Structures are given as structure tokens and as C-alpha cells.
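Residues per chain, in single letters:
2 protein chains.
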Amino acid sequence: MSKLELMGEKAKKASYRLAVLNSTAKNNALQKVAVKLLERSEEILKANAMDLENAKAKGITGALIDRLTLNSQRIKAMAEGVEQIISLPDPVGEVVSMWRRPNGLQIGQQRVPIGVIGIIYEARPNVTVDAAALCLKSGNAVILRGGSEAINSNKAIVSIIKEALDEAQMPDGTVQLVEDTSRETVNEMMKLNKYIDVLIPRGGAGLIQSVIQNSTIPVIATGEGNCHVYVDGDADLEMGERIIVNAKTQRPGVCNAAETLLVDEAIAERFIPQALKTLRDLKVEIRGCERTLELFEDAKAATEEDWYTEYLGYILAVKIVKGIDEAIEHINKYGTHHSEAIVTENYSKAQRFLREVDASAVYVNASTRFTDGFEFGFGAEIGISNQKLHARGPMGLKELTTTKYIIYGSGQIR
Amino acid sequence: MSKLELMGEKAKKASYRLAVLNSTAKNNALQKVAVKLLERSEEILKANAMDLENAKAKGITGALIDRLTLNSQRIKAMAEGVEQIISLPDPVGEVVSMWRRPNGLQIGQQRVPIGVIGIIYEARPNVTVDAAALCLKSGNAVILRGGSEAINSNKAIVSIIKEALDEAQMPDGTVQLVEDTSRETVNEMMKLNKYIDVLIPRGGAGLIQSVIQNSTIPVIATGEGNCHVYVDGDADLEMGERIIVNAKTQRPGVCNAAETLLVDEAIAERFIPQALKTLRDLKVEIRGCERTLELFEDAKAATEEDWYTEYLGYILAVKIVKGIDEAIEHINKYGTHHSEAIVTENYSKAQRFLREVDASAVYVNASTRFTDGFEFGFGAEIGISNQKLHARGPMGLKELTTTKYIIYGSGQIR
Chain A
1 MSKLELMGEK
11 AKKASYRLAV
21 LNSTAKNNAL
31 QKVAVKLLER
41 SEEILKANAM
51 DLENAKAKGI
61 TGALIDRLTL
71 NSQRIKAMAE
81 GVEQIISLPD
91 PVGEVVSMWR
101 RPNGLQIGQQ
111 RVPIGVIGII
121 YEARPNVTVD
131 AAALCLKSGN
141 AVILRGGSEA
151 INSNKAIVSI
161 IKEALDEAQM
171 PDGTVQLVED
181 TSRETVNEMM
191 KLNKYIDVLI
201 PRGGAGLIQS
211 VIQNSTIPVI
221 ATGEGNCHVY
231 VDGDADLEMG
241 ERIIVNAKTQ
251 RPGVCNAAET
261 LLVDEAIAER
271 FIPQALKTLR
281 DLKVEIRGCE
291 RTLELFEDAK
301 AATEEDWYTE
311 YLGYILAVKI
321 VKGIDEAIEH
331 INKYGTHHSE
341 AIVTENYSKA
351 QRFLREVDAS
361 AVYVNASTRF
371 TDGFEFGFGA
381 EIGISNQKLH
391 ARGPMGLKEL
401 TTTKYIIYGS
411 GQIR
Chain B
1 MSKLELMGEK
11 AKKASYRLAV
21 LNSTAKNNAL
31 QKVAVKLLER
41 SEEILKANAM
51 DLENAKAKGI
61 TGALIDRLTL
71 NSQRIKAMAE
81 GVEQIISLPD
91 PVGEVVSMWR
101 RPNGLQIGQQ
111 RVPIGVIGII
121 YEARPNVTVD
131 AAALCLKSGN
141 AVILRGGSEA
151 INSNKAIVSI
161 IKEALDEAQM
171 PDGTVQLVED
181 TSRETVNEMM
191 KLNKYIDVLI
201 PRGGAGLIQS
211 VIQNSTIPVI
221 ATGEGNCHVY
231 VDGDADLEMG
241 ERIIVNAKTQ
251 RPGVCNAAET
261 LLVDEAIAER
271 FIPQALKTLR
281 DLKVEIRGCE
291 RTLELFEDAK
301 AATEEDWYTE
311 YLGYILAVKI
321 VKGIDEAIEH
331 INKYGTHHSE
341 AIVTENYSKA
351 QRFLREVDAS
361 AVYVNASTRF
371 TDGFEFGFGA
381 EIGISNQKLH
391 ARGPMGLKEL
401 TTTKYIIYGS
411 GQIR
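Protein sequence lines, in the order shown, are assigned to chains A and B.
Quick note: the first sequence uses the numbering used here, first residue 1, plus one each step.
Quick note: the second sequence uses the numbering used here, first residue 1, plus one each step.
Hints are supplied without guarantee of correctness; some may be wrong.
A pair holds if it fits inside one copy or across any two, identical chains being indistinguishable in the list.
For lysine-lysine, the following DSS-like pairs were computed, each having C-alpha atoms within a straight-line distance of at most 30 angstroms [unchecked claim]:
hint : residue 1 : residue 2
1    : K333      : K162
2    : K10       : K300
3    : K191      : K46
4    : K398      : K58
5    : K194      : K398
6    : K10       : K333
7    : K155      : K12
8    : K398      : K36
9    : K322      : K398
10   : K333      : K322
11   : K12       : K333
12   : K322      : K13
13   : K10       : K322
Simulated from the structure, these hints should not be mistaken for laboratory data.
No experiment lies behind these values; they were computed from the predicted model shown.
Same shape as in the complex, but just chain A:
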């Protein structure tokens, strides 16, 4: 057995014990994790400093370094995140429905943990704590495989988590870290169907696509968000401007930020110059279709590639469309089925947009930025699923469970 198979076997064994734990036991363990993360901050920061030094030596800069960097404030935020997860209701054990059949069989559908979850992510040490806490609270064992740049931080964090879980008498194998961050080992992990029930990649489009292409384990794809705001001919134009400005600029680096603005030709002349000026003043680069360029000069010409692009920054593609049909067609063709919004006062067009746009979350008269576990009222999430199987939209604790049928009989046979 390889090292990874041994980890898998251990995780599977742990998962059977975790599945029958009550919430109190799991919350106690999480409480110990939160406390210990704060107590042992120094240790984590020291490991993180090594990672940062190595990263800088490799010439890594910018956003990557920012994501990798920990400080006492960020460790405090991690511990608070764990506290928040403690306060959420435990989904395990809920009987979603139960009914009696004519033969007297009583059949119930009950929520149970998935089993063993594999998380493949990049160099963000906060994901380590977050994913471990969400998986434990939902009764799952977890195998974490973070980016090599964060390996020292992750080792420190996981060793602290393990110590806390040991003290709380959680089963050995509840939280494990793949310390060998080689490509061969992650490839082996993606084919460990015998032990891992689901893989959740967290990170950029490249990582997610690579997991989808290489995994034989079921994957829940999260994250890619090429989101649109469509300002319809019957829109309140002030609302339209407010919504696209918010969806584009409130936090451009996240998946539910807008990347393309679609404008109905009926109001383009009135809407485009004013709205794009506001965006331009907020440092947003505009890439417009030909007709957009006629109405707003300070813009580049958009290429076909732009309609497909998730900029995750201060760039917005803008296209004037003939109306709702072209808007829906554009979104379903170029979008990533994440979050899509229409701004309109027209009842029928609002209803059509909700019905015909194929996405995890479809909005009328609101910013796409609300697609988020907290904004939806679910609490912490492991990601935003933009695929169709199992879970779609913000994936909270409930989405980390499956169900089983429990059947109470009295000797029934067929």
C-alpha cells in the first residue's frame, strides 16, 4: 500500500466513527481547534515565514504572496471562522421526509455525511482550517492537499488541528494533510476511488479543469464565474447603474463579480455614456462591442475572447444587444452558469430571465455579488458550485452531506 492509500484507509475508518458522532462532540472538538490556533499562533507564523521566504526566493509576487501571507489578524479570523461553524446547525441526522407504504413499510430519507472528502487547493493556508472545520462539523473525514508554496504553514496548522482533535478524542484520520505535494501524488489522489468519496477543487480555473480532466472520483466543481448584468429596455436606469457598479467594483477578484454588461439597444444611448463614465472613473477598463465604442470613446474594442473571460479585476466587457432574447442567448453561450442578473421593471421579461437563464443563481434587480453562503443565510461555505449535480450555488454544511433511506419493517417480503 502506498502512503496515500494508507491515509485513505485511515480516513475511511475515521469516517465511519465520525458518522455516528453527535453534534456536541463535534462542536467540542472544533472549540479546541479554535482555542489552539490562537494559542499557537507563533508556531504558525514561523512556518508561514519560511513559506514566504521560499516563495520570494522563487520570484513569486503580488496576489499570490498576499494569499499566502498570515499574520495574527488572519489567524484570529481563522479561529473566528471555526467559531462560526460551531454555531451553525448540524445537518446530519435530519430526516428530510418519511412516509408509510401500503404494506406498512415506513421509509425515511435521512441526511448522513458523505464519508471521505478530498480537497485540492492552492497556496491559501486559511482554506486548510476552513475546509477541515466544515468537513468535521458535517461528519466527514478530510484529506487536504494544498499548494506546495504553503506546505510549511499547512503542516503547522494541521499538526495543531490534530492535537486538538486527539484531545477531544476524535478518531485518528479525521483530518490529514498530503505532505508530498508532487504531481505524481496528486494524480494518485485523484484516482483513489476506493477511499475518497468526493473531490472538491478550490482555486483558479486551471486547477479546477485539471481535476475535472484527471479525476476518476466524483468532483464538485466550484468557482468559475463569468457573470453578467443585463440592463433591459424597461430598466430603472439609475438602478441599473448602481447594480453594475456594485457587481463589478465592490470586490472584483471574486467569482460572483460581474465581467460583462449587456445593454438593451433601446436604452443604450441613454445608459451607456453615463454608466460607463462612472465605471471609468472607478478605474474600470472598458472593452466594448462596436456599437458601444460609438457611444463611449474611452474604451478598447472587445474581441470574441473577451466574452468568455473571467477578468477577476478592473475590466468590464460591454455589449449592446437587441433585447432579452439576445441577452439570454449570450449568457447561456458565454457564461459559466454561476450568477446572472437582469435589471428590468417589466414583469414578463423578469419571469423569462429567471426561467430561461441556465445558472446557479439568477437575479432580478439585484447585484450578482449576493451569491454567497452568508448572504443567502447558510453561513460558511466550502465554495460556490456552478455545476449541476449534487449541489448548485453556495455549498454549506448541508451540501457536504448525502442521504440514505432508512426502512422500518415488520417482516415484509415481496
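Starting from the known structure of chain A, fit chain B onto it as the hints suggest.
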């Protein structure tokens, strides 16, 4: 674009139109399918005769020929199956829940079709009708890839279905058959992520494993059932015998039939000789553990391989265990997480079995044979899922849908 990509594109376009159809329109189309299948029976039988001739020329015999064979009775059953699907409620459009957030956003989770479903199956022409009807009723486009032995039957059936759907003005591309049954084409199909949202393999373990190993599209695995009946020390032994006899012999060739009997050592001497004699008299071959052989001579010795085997026939593996702990451990280790039963009058052991056994359906005092869409009260199903993501247990119309969040705002921004 390859021929398959063109089919995919057509299916995707059709899926957007199907998603917004009301139940009445879909039911009318299905009604035309049912009528036309009966009217054109001769045509189907003629095509089927060609398939049978080719199969026999290739030396195919037995169960395979039986599954491939159509007759007017079986075509009538197909049409009746379509009628049953018409009578089931349409899951599309159901708002599973809806709530209002503090900022006034009204968020609802609504059931919508998955989109394009690919079905990969063996030489069973009845699956063609069944899968097409279930997918259409749930608002999905479907691409069917049946076994090469049934190609003439499938072509005839799909051409009749298409004619009916055309008359009912269903979109072109609603139901399509992959006529090229080569290995290359099925491999291409398993990687058509751009157009196919989910693949459902229907057939034996080999087919299912091959799809899991080769597909980059999300797969819903169905079918493999190495099911157990555990007769506990506190069982009503007559009930225990009745249940194992039913679970083994009522229809041995299906996935929810029992393959292994586990017997608590506390009642082994009283239970084994009588129960195994009854099974033996029903032509069931017994493969027992050492202790079983001591209590029942007319049995072969079971090997380690037997505990893993889904016989799908008149063979039963029998093992004497130390009690419920060993029974649960055995089931979780060797089983396929399909359907598992305990026979006991002991409350605590019943509860433990329900909680600790990791399977789609877990029974107390009832035969495993009830894991079935009709027996559960769901109606026709596309298969029994024994995996954990998306759907577990009988997959009816509801399991052929996903959800999307619909959000009604009044100008909210973050």
C-alpha cells in the same frame, strides 16, 4: 465539428427549449410516443429480428439473447411504461423552499432540468424507450448510446420516437441515438463535457466501471448490488428465514437481491440448518465459511472472493459472525453500499444498524428487494444509485433534475 459534437450542440439547444415547456406539452408528446410504438410494432420487431439473427450468428446465447428479444408483449409493456411516466407528477418548477433575507431579497430554490443527459447501456432495447421518456418528462434532452447488438432495434425505436416528438412539436435534438457504436465514439462521448451534463451508465459492473474510469463528465453510478441480510441473535428466526429466502430467490438476477447471509453465532445452530435446507431445496447453492460448513454439509467452502461477489443468480455466501459489530464491519468492507438488512427484535441493535451501515437503503425486518422506485412509491426510475453524490437509491424523475436559486430583488447591492 465531429458528428457527436453536432449531436451535442443540437441536444444543448433543445435542452433550453425543453426546460421551459409545461407538463401538458411534454405529456402530449409522450402520449404520441406510446401510441406510435404500438402502431409500429411490426417495424420494431422486424429490426429486432435482424439483431437477433446477427447475435446468434456471433454465438451469443442465454440471458443476453433474452434481454435483446422483443415481442408484441414486450412492446406493449414499453408503451405502458410510457403511460406510467405520463401519470407521474412533473418535478420541474417546484420551489423547494423560499425565504426572505433581512435586506428584502427573496431567495427561492427551484427545481429545473439537468440539461443534456447521456445514457450508456447494453443490448436492452426497452431501456431506449424508458430512458427517453424519463428524460423528456423531466425536461432533459437525451443522447442514447446502446449496445451494438441492439442497434437495429434502437434505430427503429428512436426513429419512431422522433416522429412522434416532431408531430408534438418538441425541439429537434430532444432524443438522439448514437448510431456509431464503436469504442472510439463512446470514448469521445464520455469526454463531451461541453454539451453533456451527466452520464448515466446502465448495465453490468464492467460497463459502469469503464464509464467511471474514462468519463470526464460527471457520472451517476447505478446498479452494483452486493447486498446482505444479517440475522441477529435476537431475531425472530422464522422471519429471518422468510426474509433471506425472499431476498435471495424472489428474483435473483437483480441488484437488490441478497448475495450474502450473515448469521449471529448466538443462533447459528438453531438457524443455519433449517434456513439453508430451505434455500437448498429452492436450488440455491451455498458457499459457507468454515463454521457454516460444520452446521450444514451440503455446501462449498467460501473463498475471500465470494464475500465480494454479486452472483445475480442461485448462489448464496453464508458467514457466521460474532454479532452486530462484525456484521456491520463485514457489510461496510465487502458490500457495494446498495441495500442491507438486519433481522432483529432488539431495539438498540436495529438503531445501530440503521445508523452505522453505509448504504443507499438500510432495512430492519424487511427484504432488501424493496429498493425500487415503484416499491418506494416514486414510480418509474432510471436506476438505483449506490454512490453518494446527487442521488442515492432509486432515481426517479426528481433525481433527473437539479435546482437553481431564483432571487427577486428591488435594487439591492452589497
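Now the hints, each set against the structure:
no. : hint          : verdict
1   : K333 <-> K162 : between (46 angstroms within a copy, 26 angstroms between copies)
2   : K10 <-> K300  : neither (55 angstroms within a copy, 34 angstroms between copies)
3   : K191 <-> K46  : neither (34 angstroms within a copy, 45 angstroms between copies)
4   : K398 <-> K58  : neither (40 angstroms within a copy, 51 angstroms between copies)
5   : K194 <-> K398 : both (24 angstroms within a copy, 28 angstroms between copies)
6   : K10 <-> K333  : between (44 angstroms within a copy, 13 angstroms between copies)
7   : K155 <-> K12  : within (21 angstroms within a copy, 45 angstroms between copies)
8   : K398 <-> K36  : within (27 angstroms within a copy, 45 angstroms between copies)
9   : K322 <-> K398 : neither (41 angstroms within a copy, 36 angstroms between copies)
10  : K333 <-> K322 : within (16 angstroms within a copy, 60 angstroms between copies)
11  : K12 <-> K333  : between (41 angstroms within a copy, 10 angstroms between copies)
12  : K322 <-> K13  : between (58 angstroms within a copy, 20 angstroms between copies)
13  : K10 <-> K322  : between (58 angstroms within a copy, 24 angstroms between copies)
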